[in-house]
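A.B. asks: Residue numbers (the working numbering), protein chains in the order written: chain B, 1 to 268; chain U, 1 to 297.
There could be a bad hint or two in this list.
Each computed PhoX-like pair below joins lysine-lysine, with the alpha-carbon atoms no more than 20 angstroms apart [stated by the list, open to error]: (1) B:Lys174 with U:Lys187; (2) B:Lys174 with B:Lys140; (3) B:Lys253 with B:Lys230; (4) B:Lys172 with U:Lys194; (5) B:Lys224 with B:Lys238; (6) B:Lys174 with B:Lys8.
Because the hints were derived from the structure by calculation, they are not lab data.
One-letter residues, chain by chain:
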Amino acid sequence: MTDVMHVKQLTFLHNEKKRWLKRPEVFKLGPIELTVKRGETVAIIGENRSGKSLLAKLLVGAVRADEGEIEINEHKYLAKYKSKDGQRKRTHDIRMILQHSSETMNPSVPVGRILDEPLRLNTQLDASERKEVIEDTLVKVGLLREHYYFYRNMLSDGQQQRIALARAIMLKPKVLVADEPFAALDPSIRSQTVNLILALQQELGLAFIFISHNLGIVRHIADKVIVMEKGQIVEEGKTETIFRWPQHTRTKKLVTAYHSLVPQQTIR
Amino acid sequence: MPQFSLYEEEFHPSPWQRTWRAFRASHIAMAGAVLLAIFVIFAIFAPLLTPYGANEQNIDGLLVPPSWMGNGSISHLFGTDSLGRDLFTRVIYGCRITLGSAFITVVIAMLIGVSLGAFAGMLRGVRSSIANHFPDALMAIPTLLIAIIIVAIFGTGLVNSMWAITLALIPQFVHHTRSLVRSEMKKDYIVASKLDGANKWQLFTYSILPNMTEMLVVQGTIALSIAVIDIAALGFLNLGAQSPLPELGAILSDGLDVTYLAPWNVALPGMTIFLLVLSINVVGDGLRSALRKRVNH
Chain B
1 MTDVMHVKQL
11 TFLHNEKKRW
21 LKRPEVFKLG
31 PIELTVKRGE
41 TVAIIGENRS
51 GKSLLAKLLV
61 GAVRADEGEI
71 EINEHKYLAK
81 YKSKDGQRKR
91 THDIRMILQH
101 SSETMNPSVP
111 VGRILDEPLR
121 LNTQLDASER
131 KEVIEDTLVK
141 VGLLREHYYF
151 YRNMLSDGQQ
161 QRIALARAIM
171 LKPKVLVADE
181 PFAALDPSIR
191 SQTVNLILAL
201 QQELGLAFIF
211 ISHNLGIVRH
221 IADKVIVMEK
231 GQIVEEGKTE
241 TIFRWPQHTR
251 TKKLVTAYHS
261 LVPQQTIR
Chain U
1 MPQFSLYEEE
11 FHPSPWQRTW
21 RAFRASHIAM
31 AGAVLLAIFV
41 IFAIFAPLLT
51 PYGANEQNID
61 GLLVPPSWMG
71 NGSISHLFGT
81 DSLGRDLFTR
91 VIYGCRITLG
101 SAFITVVIAM
111 LIGVSLGAFA
121 GMLRGVRSSI
131 ANHFPDALMA
141 IPTLLIAIII
151 VAIFGTGLVN
161 SMWAITLALI
171 PQFVHHTRSL
181 VRSEMKKDYI
191 VASKLDGANK
201 WQLFTYSILP
211 NMTEMLVVQG
221 TIALSIAVID
231 IAALGFLNLG
241 AQSPLPELGA
251 ILSDGLDVTY
261 LAPWNVALPG
271 MTIFLLVLSI
281 NVVGDGLRSA
291 LRKRVNH
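The shape of chain B in the complex, shown without the other chains (with noise of 0.2 angstroms):
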C-alpha cells in the first residue's frame, strides 16, 4: 500500500478580536500531521466543537488554512492557497461529502444538471459523453436513470445521500472525505451506504476519511482511527487497538460510553 495523501503542519487559527458586546473567540486548529494510505479508511472521532468538521473542510480546500501543506499523488498543495487555480487542480484528486446532503443539493436544479457541474467545470467531455457519466455513476450508488431529471423534494434522505456520493466520486477522486455521512439516515439505509461506500472504495480504490459520532460504523469499517479534542489530534492508531487500548482520556471517555452500550461480550 502506498501513501496517496501527506498533510504536513496544517493550522487554522480562528481569532475573533474582542469586539463591542462581543466575547472574543479563539479557535486553534492543529498543527496537524496526517498520512493516509491508498483505499484506507480513516475515521475522525472526538466530541462537538473539537474540529473535526474544520479539519474536513481544510483538507478539500473548502476552508482557507493558515499554514501547512497537503500533498496528493506527488501533487503539493499549499493549504494557504491564494488563487482560484490551485484549488481548482485538488477537486480531481480529494472530494468531500458535505454534513446536509439536503442542503448540498440546489433544490430548483435538477440531479442531472447538479452531477453535470463537476465534469462540466473540470473535463473536456461533451454534453452527449457527461450524461453518459452521470447515468453510469447514478446506477453504481444504487440509483435509477431516470433520477437524472428529478428535483431534491422528490428525492428521500437516502438517496439524496446517495446523489452527494455520486457527486463526490463523480471525478474519480483518489480521497474522498465525508462529515457525518451516515448520521441522518435510518439504520437499514445507513448499512446500505456504509455497504455501498466500501464496494466502491474497494472497485475505485479510492482513501475514505470520514467522520462520526458513531461508533460501531467506526469500529465497523475503519482502519485507523484519529481522536480529536479541541483542534488536536490526541490519539491516532489502528481501529482495534484504539479500542481495545485507548491511551488519552478521551478516547477512554469516547470508547467507555460506546462499550456500555453494546452487550459485553464484544469487550471481553
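With chain B fixed as given, assemble chain U onto it according to the hints.
C.D. replies: Below, chain U alone, put in the same frame as chain B:
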C-alpha cells in the same frame, strides 16, 4: 442495490411544463390568465380589432351612451366621449399604450435592477453596501412621488413618465435581488459548487439564477401592476401621456369633465384599469404558488 434495469421513461416534463400544470390547477389563476390574455391580445392587435380610429371624431354622435343602455347604439359599443370618439376603440388603444409602456418600463427596470442587485450581492464590503443602501434610501419615497419629481424636472410626456417610473422601480429590484443572492450564497450547495471549482459568474448563473425565478416573477408582477397604475395616474394628472393620446389615465381625465352627463366616460376606462391590475396580480400570485409547488412538492 437495485440490479434490475427498467427501461427509461420516454417523457420527462420540463420545469416549465411542471409549472404550467401547477398553474392550471388553480382556477382563479386561470381566470386571471384568460383576462390578461384578452388584454394582451387587445394590446397587440388593437388596429385590427377596433372599428374606428383612435382619434376619429363623429360630430353627429357626441356622448352616445353605451350599447346596452336604452338610447345607445350598437355602432358604438362603449358609447362615445364629448368629442364623439368611440370609447371602445380608445379603451383598446389605451390597453395597448398603458400595458405596453408598463411592460417595457418593467423589463428595463428589471434588467438594470437585477444586475445591480446581483453585483451587490456577490460583492462584499463597502462596494456592496453602497450598491445596496443607496437605492434603499430611495425606496423610502413612494414611486409615484419620485416619478412626479422626475417628470417635473424633465417635463411631461409619456416617454418621460416611462423613464421616471423605470428609475423609481429599480431600487426594489436591487434590494430584493441583493438580499436573495446574499441568503443563497450562504447555503451549502454554493460550497459544494465552489468545491467543484465554479467561479463567481458560474455560481451565479448555474446555482443562484434558477432559484431567482420565483422572486423575479413576484417582483416583476408587482412592478408591472405598479407601473400600470403609475402610468395611468401620471396620465390622469396630465403629467404623463397628453390628452389626444389614448392612454387609460388620460381618457379617464378627459371623461372627468363630463362625469355627470356621461358617467360611462369615467366608469369604463376606470374599470379597465382595475381589471388590468387585478388580472396582473392574480396571474403573478398564481405563478408564484405554481413555482413554489415545483420546488416544494
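A.B. asks: Hint by hint, note whether the structure agrees.
C.D. replies: Structure-based check of all given hints:
1. B:Lys174 with U:Lys187: violated, 27 angstroms
2. B:Lys174 with B:Lys140: holds, 17 angstroms
3. B:Lys253 with B:Lys230: Holds, at roughly 15 angstroms.
4. B:Lys172 with U:Lys194: holds, 18 angstroms
5. B:Lys224 with B:Lys238: Given pair Lys224 of chain B, Lys238 of chain B holds - Cα atoms ~5 angstroms apart, limit 20 angstroms.
6. B:Lys174 with B:Lys8: holds, 18 angstroms
Hint compliance for this structure: hint 1 alone is broken.
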